[in-house]
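There are 2 protein chains.
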Amino acid sequence: MNGHLLSEPECYDLLNRYDIRVPDYCLSESVGEALSSAEKIGYPVVLKIVSPDISHKSDVGGVVTGISSPEELESEYESLLIRINKRIPDAEISGVLVSEHVEEGPEVIIGGKLDSVFGRVITFGTGGTLVELIKDISVRLLPVDRTGISEMIDKTKISAIIGGYRGGEEYDRSALEEIIADAARMFLENEDIISFDINPLILHSNGAVAVDARIIISDEKIPADTPASTPPLLSAPEKFTSPQSIAVIGASSSPGKLGYYLMHNLLPFSGDIYPVNPRGGSILGKEVFKNISDIPVIPDWAVIVVPAKSVPQVMRDAGEKGIKSAVIISAGFKEAGYEGAKLEEEVVSIAKEYGIRFAGPNCLGIMLPYEGINATFGQKMPKPGPVAFISQSGAIITAAADRGIVGNTGLSTVISVGNQADLNFSDYLGMLLKDCRTKAAVFYIEGLKPGREFTEMAGKHAKELPVIVLKAGKTEMAKKAAMSHTGSLAGSYEIYKEAFREAGIINAFSLSSAFSVAGLLASEGWPKGRRAVVVTSGGGFAVLSADFAGENGITLIPLPERMKEELDKFMPEGWSGQNPVDIIGDAGAERYARALDILIRYQDFWDIAFVAASPVTSIDPIKLAKEIVRFSKQTGKMVVGCMISGESMQPGISILNENHIPNFAELYDAFKAVGLALEAGEGAGIFDE
Amino acid sequence: MNGHLLSEPECYDLLNRYDIRVPDYCLSESVGEALSSAEKIGYPVVLKIVSPDISHKSDVGGVVTGISSPEELESEYESLLIRINKRIPDAEISGVLVSEHVEEGPEVIIGGKLDSVFGRVITFGTGGTLVELIKDISVRLLPVDRTGISEMIDKTKISAIIGGYRGGEEYDRSALEEIIADAARMFLENEDIISFDINPLILHSNGAVAVDARIIISDEKIPADTPASTPPLLSAPEKFTSPQSIAVIGASSSPGKLGYYLMHNLLPFSGDIYPVNPRGGSILGKEVFKNISDIPVIPDWAVIVVPAKSVPQVMRDAGEKGIKSAVIISAGFKEAGYEGAKLEEEVVSIAKEYGIRFAGPNCLGIMLPYEGINATFGQKMPKPGPVAFISQSGAIITAAADRGIVGNTGLSTVISVGNQADLNFSDYLGMLLKDCRTKAAVFYIEGLKPGREFTEMAGKHAKELPVIVLKAGKTEMAKKAAMSHTGSLAGSYEIYKEAFREAGIINAFSLSSAFSVAGLLASEGWPKGRRAVVVTSGGGFAVLSADFAGENGITLIPLPERMKEELDKFMPEGWSGQNPVDIIGDAGAERYARALDILIRYQDFWDIAFVAASPVTSIDPIKLAKEIVRFSKQTGKMVVGCMISGESMQPGISILNENHIPNFAELYDAFKAVGLALEAGEGAGIFDE
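Just so you know, the protein sequences line up as chains A and B, in that order. According to UniProt numbering, the first sequence holds residues 1 to 689 in order. According to UniProt numbering, the second sequence holds residues 1 to 689 in order.
These aren't lab readings, by the way, just hints derived from the structure by calculation. A portion of the hints provided could be inaccurate.
As the list claims (entries may be wrong) - If you only want the chain B side, here are some residues facing chain A, beta carbon under 8 Å, derived: (1) T129; (2) I161; (3) I162; (4) Y261; (5) I396; (6) I405; (7) Y444; (8) G473; (9) K474; (10) F509; (11) S537; (12) Q634; (13) I644; (14) S648; (15) A665; (16) E679.
Idealized CB from N, CA, C, for every residue including glycine.
Sequences and hints are given; from them, build the entire structure.
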């Protein structure tokens with residue numbers, strides 16, 4: 001988007017209108033004017049070059065501070081112009097700004113930018129010339145309330161200085177909050193502002209002054225974000241996720257063709273399948289219809305695998321037939337260039353005409369394991385379970401369907417989104433919110449647009465349905481962010497992170513982390529708080545637990561005195577008396593049971609329990625697993641199993657699985673999963689009750 | 001360790017002796033003296049309170065800068081004393097320092113501390129009053145050479161400012177380097193210094209001035225670290241890791257007793273086993289000897305499982321017999337308190353007397369899978385393989401032996417170190433360095449002491465044997481570090497990290513990360529550099545690869561033009577032309593093969609290749625695996641398989657395993673493992689060739 005920089009006086013005027021104090025100033029075009037301005041303002045004064053061609057004045061020697069007399073002003077005025085002329089010979093000079101000297105104080109930056117995914121965002125942090133070096137910045141999506149502003153300040157290191165660091169001076173935090181709110185209002189009310197930064201804003205013990213600002217204005221107005229206060233649950237037709245009958249257009253009897261794989265994969269489906277192919281005949285024992293119109297019923301779904309150029313006609317036929325849901329697997333659309341994009345537009349308009357909602361094009365298809373539907377050309381179908389997986393990559397779906405990455409977690413709905421020409425991430429989220437079998441949803445997202453619809457819907461329903469996102473494509477974003485400048489200090493990925501945080505979306509760092517958090521939350525629900533207890537007979541696991549808890553924002557509570565006394569009654573002499581509760585290497589399932597009994601009685605003191613064990617001779621894995629199941633049933637808290645072994649403990653792990661208790665084969669992963677849930681839980685408001 | 005603070009004049013004197021410039025100063029005990037000092041020094045001057053009770057002068061208002069006239073000095077002198085008297089009424093006041101006003105400039109800190117594990121270390125970073133807030137600090141073990149000092153500066157953010165940030169002034173970096181070297185020399189030559197910090201050292205464009213310093217002196221001298229230039233390969237008896245005959249003292253015929261499990265576990269051993277128990281009889285078909293002296297040969301090992309109090313006598317008997325190696329499994333020593341510690345000392349002295357080297361006490365024992373020896377009371381023995389595991393936790397060994405955590409990696413030597421009363425981590429590392437079957441070594445370490453012996457030995461031999469450490473107990477350290485002060489800004493864990501970095505030790509973050517790097521390096525050796533190529537048919541995996549590469553310091557090379565042209569010849573139209581090389585979703589093993597062929601021809605351009613695939617219908621996993629094997633054989637580079645699936649690709653993964661090509665089931669883990677190796681490789685000097 002093109003834009004131009006406001007001049008310093010224009011910036012000052014705009015800020016003034018929003019009650020943001022700027023220094024007294026006067027634009028002068030000659031040394032004579034400058035002298036009389038300085039007289040009016042009072043010495044000492046500051047001189048600043050004003051030029052539409054210079055955005056970072058300090059960097060080119062365009063600012064002279066501390067001028068304390070007319071003589072000094074005269075000589076500095078002249079050398080300023082000479083210096084600029086030398087360094088940027090072609091710069092157009094609008095004049096020299098004479099402005100009030102502002103008392104020293106901590107320098108902060110307030111910035112704003114129009115993000116292509118999430119719209120207007122505001123940033124706050126340590127300011128001055130070193131802003132990019134220090135990178136002490138926090139970001140919020142607009143609009144933001146006073147609590148949000150306050151949290152934003154708290155997140156930065158400079159907040160400690162503002163509050164009076166180590167007995168130092170305190171600065172006017174409430175004025176700062178006011179100014180951030182004013183700047184946000186300015187950004188929202190002036191729809192032509194693309195980005196701005198006030199830097200430095202100098203804080204004093206009473207008030208603050210915006211000494212410098214850059215505001216970039218576009219020629220067009222970009223409507224301010226008006227987030228729907230109650231995002232609607234966008235919906236596809238009722239039967240989109242529970243079709244009773246499926247037409248396969250482009251079905252084929254030649255192994256190797258997608259239309260064959262699809263038919264093959266759909267065979268186990270108990271509903272009706274109607275292959276369509278102009279050649280007729282039969283495929284895998286099913287009668288083939290030459291035209292959609294020949295099908296004796298109106299199928300709930302049309303799965304389309306014909307070549308791209310035939311898709312418009314197929315969609316028209318499906319529409320005429322009265323079909324309302326389609327899955328377009330065919331590739332050769334937007335992803336293939338200009339012609340493909342035109343074709344895609346045509347398909348969209350036909351779909352609108354007939355009221356068809358569709359997934360794809362250019363996708364792997366959809367799997368609904370509970371319904372026995374594998375409408376993809378992947379090989380395997382996952383086992384049914386509580387986690388949905390919506391993915392912008394088909395390859396990742398094939399891995400997940402094959403129990404790669406997802407581990408032991410079953411899947412409820414698997415959708416390859418393809419080009420999202422019609423149904424998009426928000427629509428799918430809306431569908432999942434209505435599906436009571438889905439207890440957690442994993443999204444693999446490369447690009448999200450528009451972003452707010454998705455994050456706001458996820459945020460509104462976060463308590464009901466935990467949403468986990470693996471956002472790919474960070475690196476390129478990081479690069480882009482690095483190329484742009486201060487106003488966009490918050491690179492796009494930082495904005496994603498903030499949008500996710502606000503919505504309580506879990507920001508996974510890998511596919512397996514996404515599925516392990518999903519499995520955890522699907523079976524245990526959100527943790528009620530950060531207070532955790534660890535019980536283990538492995539000394540090493542106790543030490544590692546303490547580390548991993550610390551790294552993941554999990555609080556290992558100090559054991560209440562009475563609880564310790566009860567443990568003392570049966571624990572071997574010399575036990576640590578601390579949490580992690582190390583019940584010593586010779587412990588069997590019985591000692592675990594006694595310790596867990598005490599945890600049950602003291603369950604008001606904790607929110608999460610980790611039970612870790614390795615295959616030592618004294619432990620019978622089946623007995624231990626049964627104790628963990630009993631424990632889990634007698635608490636309303638999050639119980640995390642960590643039976644760590646390759647083989648010996650499998651019988652115990654199976655018991656945990658059957659009883660929907662998550663088990664982690666690596667302690668690190670268990671704490672990481674809980675940590676990710678806690679991090680997002682704060683944004684989801686799960687601790688507010 | 002107790003210590004006292006040097007007064008400011010004492011500090012200045014000491015710094016002066018090491019050519020570190022300090023401001024002109026004079027200690028005055030009255031306002032009259034202060035006035036005449038100021039006259040001598042020249043206005044403006046600075047006043048600073050001098051008191052043994054005040055270490056952070058600025059925090060209590062004990063510093064007044066910019067005093068420009070005698071009148072001002074008089075009034076400030078008085079109010080300084082009043083202020084201090086009000087804030088710290090009991091402070092003993094030695095006087096007021098009048099010192100030269102020092103021109104402004106970037107403020108840095110140079111600190112030093114005596115670490116309990118690694119001895120003297122030096123820190124450098126952003127200084128001033130906000131040093132703990134900003135935490136821009138790097139650390140080096142002493143001694144450090146000029147290259148090390150320069151790297152240390154480069155690691156900090158303030159280095160950018162020193163070099164002239166965004167057209168700003170440049171500061172005297174070579175003076176800074178000189179001063180860091182001087183400070184290091186001061187620390188090494190004055191063996192009574194426990195810690196110091198020079199803060200701020202103010203940098204100018206010509207030279208630098210140490211404006212303030214705190215130096216803490218101990219009453220005793222602590223010898224400076226004199227690192228052995230060639231640390232010897234400490235060694236246990238020749239047969240410690242290849243015993244032919246084993247005596248089990250405390251062998252038992254009662255299932256449930258450790259002495260029984262040990263006998264049971266040792267049965268498959270093909271050498272001779274001599275159970276010893278005063279009761280005689282036979283155990284599991286082996287004749288029992290009533291005394292060690294009755295054994296007809298001199299066994300290579302004595303494995304001891306008698307109660308702690310009997311261990312000294314057993315050790316004496318073993319010594320008399322001529323046994324030179326022992327594994328003391330019995331617990332009840334140092335870990336059990338004062339009495340146990342005394343017992344342990346007795347055992348050590350008996351061992352010294354007879355020249356016995358021993359592992360333990362209080363350990364799980366030792367496993368030597370290649371020899372068929374399981375001298376532990378764990379249940380399972382790992383399969384033999386190239387990775388050694390030395391652990392301070394027995395529980396973790398049981399998990400690893402059971403193929404938990406280690407995954408598919410085989411183990412060469414597994415040692416539970418116990419209390420390390422005799423043989424310690426350094427000894428075991430020494431043994432592994434002599435064992436040609438061990439290609440990588442994993443250490444689980446809770447505490448390391450003395451630290452340098454281990455890290456220096458690892459560092460010296462890093463190219464031959466990659467050492468991977470999981471350091472547990474970080475959190476408690478972090479707490480301790482937080483409680484102490486500036487000189488110890490580098491918390492103990494930061495010092496571990498630095499010691500590991502210098503030695504090329506891989507700093508794993510979890511057990512499974514430790515074993516996955518170990519498996520990778522055991523089969524592939526160190527990577528030769530950071531340049532990587534990714535080949536995959538999964539678009540999502542290509543995008544994720546780019547992210548993960550960025551996060552792990554792995555350089556995805558731009559494809560050379562000629563290479564791209566060769567790929568163009570067979571790649572589907574519209575392929576990205578970039579690295580990651582996305583060979584498109586319909587690729588089979590053949591297209592992988594053609595792409596890999598080109599990688600073979602252009603192998604001078606890259607150091608690491610990732611080949612990623614998921615179970616799509618077009619890929620035959622066995623064919624693909626064979627292509628990866630062929631590829632690996634035709635390059636001398638690191639080849640990383642990422643066949644991502646739960647089930648379908650297992651036949652292919654087995655082929656990779658058989659051919660010692662690492663395979664990762666999660667892309668994130670693959671890049672993380674390579675990233676950890678690269679990070680350590682720099683310190684190990686693997687890129688220097």
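We went through each hint and held it up to the structure:
no.	hint	verdict
1	T129	holds, 7 Å
2	I161	holds, 7 Å
3	I162	violated, 12 Å
4	Y261	holds, 6 Å
5	I396	holds, 4 Å
6	I405	holds, 6 Å
7	Y444	holds, 6 Å
8	G473	holds, 6 Å
9	K474	holds, 5 Å
10	F509	holds, 7 Å
11	S537	holds, 7 Å
12	Q634	violated, 26 Å
13	I644	holds, 4 Å
14	S648	holds, 5 Å
15	A665	holds, 6 Å
16	E679	violated, 18 Å
Hints 3, 12, 16, counting from the list given before, are not met by this structure.
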